[in-house]
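Assemble the whole structure, with the sequences as input and the hints as a guide.
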Amino acid sequence: MRFEVATSVADAVRLLAAEPGTARVLAGGTDVLVQLRSGMVEPALVVDIKRIAGMRDIVAEAGGFRIGAAVSGAELGEHAGVRAMWPGVVEAMELIGSTQVQGRATLAGNLCNASPAADSVPAMVAAEAVARVAGPDGERDVPVAAIPSGPGRTTLARGEFITSIFLPARPARSSDAYLRFIPRTEMDIAVCSAGVSLTLGADGTCTAARVALGAVAPTVVLVPEAGAALVGTTLGTEALDALAAACAAAAKPIDDKRGTVAFRKKVAGVLARRATIIAAERARAEA
Amino acid sequence: MSRIHVNTTVNGDAVDFLCEPDETLLDALRNRLGLTGSKEGCGTGDCGACSVTLDGRLVCSCLVLAAEAEGRAVGTIEGMAEGEALHPLQQKFIEHAALQCGVCTPGILVAAKALLEKNPDPTETEVRYWLAGNLCRCTGYDKIIRAVMDTAADLRRA
Ligand SMILES: Cc1cc2nc3c(=O)[nH]c(=O)nc-3n(C[C@H](O)[C@H](O)[C@H](O)COP(=O)(O)OP(=O)(O)OC[C@H]3O[C@@H](n4cnc5c(N)ncnc54)[C@H](O)[C@@H]3O)c2cc1C
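Those protein sequences? They're chains A and B, same order as listed.
Under this note's numbering, think of the first position of the first sequence as 1, with each following residue one higher.
Under this note's numbering, think of the first position of the second sequence as 1, with each following residue one higher.
Just to be clear, a hint being listed does not mean it is correct.
Covered stretches of chain B (chain A as the covering partner; in silico rule of three or more C-beta atoms under 8 Å from a C-beta of chain A) [what the hints assert, rightly or not]:
1. 18-25
2. 43-49
3. 58-68
4. 127-137
Please keep in mind that the hints were generated in silico from the structure rather than gathered at the bench.
Heads up, the beta-carbon is just placed ideally off N, CA and C, and yes, glycines get one too.
This is the structure in structure tokens:
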């Protein structure tokens, strides 16, 4: 294995593109190191992107925030601006691992590790976050939802990597929330999870909503029917029942030691309902 | 594999070592620098016995490549006491018998110190969550939590 420290985005792209064998980008390393040490992957090349200028910055842009690909969960959580605008994305990221893991883990790493249970991903998908991808053909912006293509697989081509994640501006009375189910309170993998982002009108009617589920399909899934069930309502019982039903229908989970199909389908709706209530409370408090 | 020459700072002292590209910081600390206070419990970031600070951030040194330490500041358990004078946390852990076998203790002390530097007045819940990534199979945690709370109270009075 070769270890290289990229000095610029172009340098990283050049190193990654030139490697004929398995190459791995190294951000916080909380997945890469575990996989390396267990022999799950034997990369020929590891490229550390943390020393590239700007990679650890959070910058206000177009009313939203651009988060560098090497910003850790701890750093994200300490950013008052992102916390206020996207509390659901921040709480999802902060659920990842322990204090020690938070010191290193990144949003982009969580996304590119492509676990169906990745905690920050449903929240980012609900937020309509956009990944900026650098590669041999230049830069492109890709919706976060389009990055994972299956467990452990992404749509990134050879030589490509994510340089930042963009969280867009929000209208007034907008907020988000993320909930996961785990059998304990800390340090576990989601059995099922839900991220909800919504906007309320001045009269309290929901004018926009996006709902995404984790750990119920090979990738995180956006559930447009669940969002549609909320829009135009004041988020009463009927709307929340319709939302839960849409989530249960969209969930295509597997049976495993962590949970059964029936349990995950049911809990997907429960979590989406609760996350909707929290997001709505936050949106009202925001006004 | 060609070795990498790393210049770094450990507990305030400039040090350098040669390491393999896939060597962890934990292995370099223990095997290259003789700093065996940090332990390997699980090697997968779950137990926290290898906790150190990297530029002031608490991390698992088993999940950091040694080569990543280049130009950074590493803080380990060996930097906690000042000569023979124990750090207040170390003193309290002895008083409260907050350790038995001792394998988790260095990591817990480094983690607790990082907490009190960030938050001098934590609630019990905050201490428990902060230390959720440090496993102890002997004490049942209560004594550890009490030792940390007691140290925090003492340091606030000092
Ligand atoms: C003890 C422990 C507990 C954990 N708990 C959770 C949890 O509760 N929830 C959860 O979701 N995850 C959890 N994880 C997994 C992991 O911490 C997260 O997935 C984390 O967000 C990964 O980020 P990283 O920066 O460390 O990624 P890395 O390990 O650096 O990289 C992960 C993958 O993404 C690729 N990659 C990284 N950055 C980029 C980039 N910018 N562009 C392209 N590819 C990139 C890497 O090549 C690698 O394949 C846990 C891990 C540990 C060790």
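Status of each hint after checking the structure:
{"no.": "1", "hint": "18-25", "verdict": "holds (count 3)"}
{"no.": "2", "hint": "43-49", "verdict": "holds (count 5)"}
{"no.": "3", "hint": "58-68", "verdict": "holds (count 9)"}
{"no.": "4", "hint": "127-137", "verdict": "holds (count 6)"}
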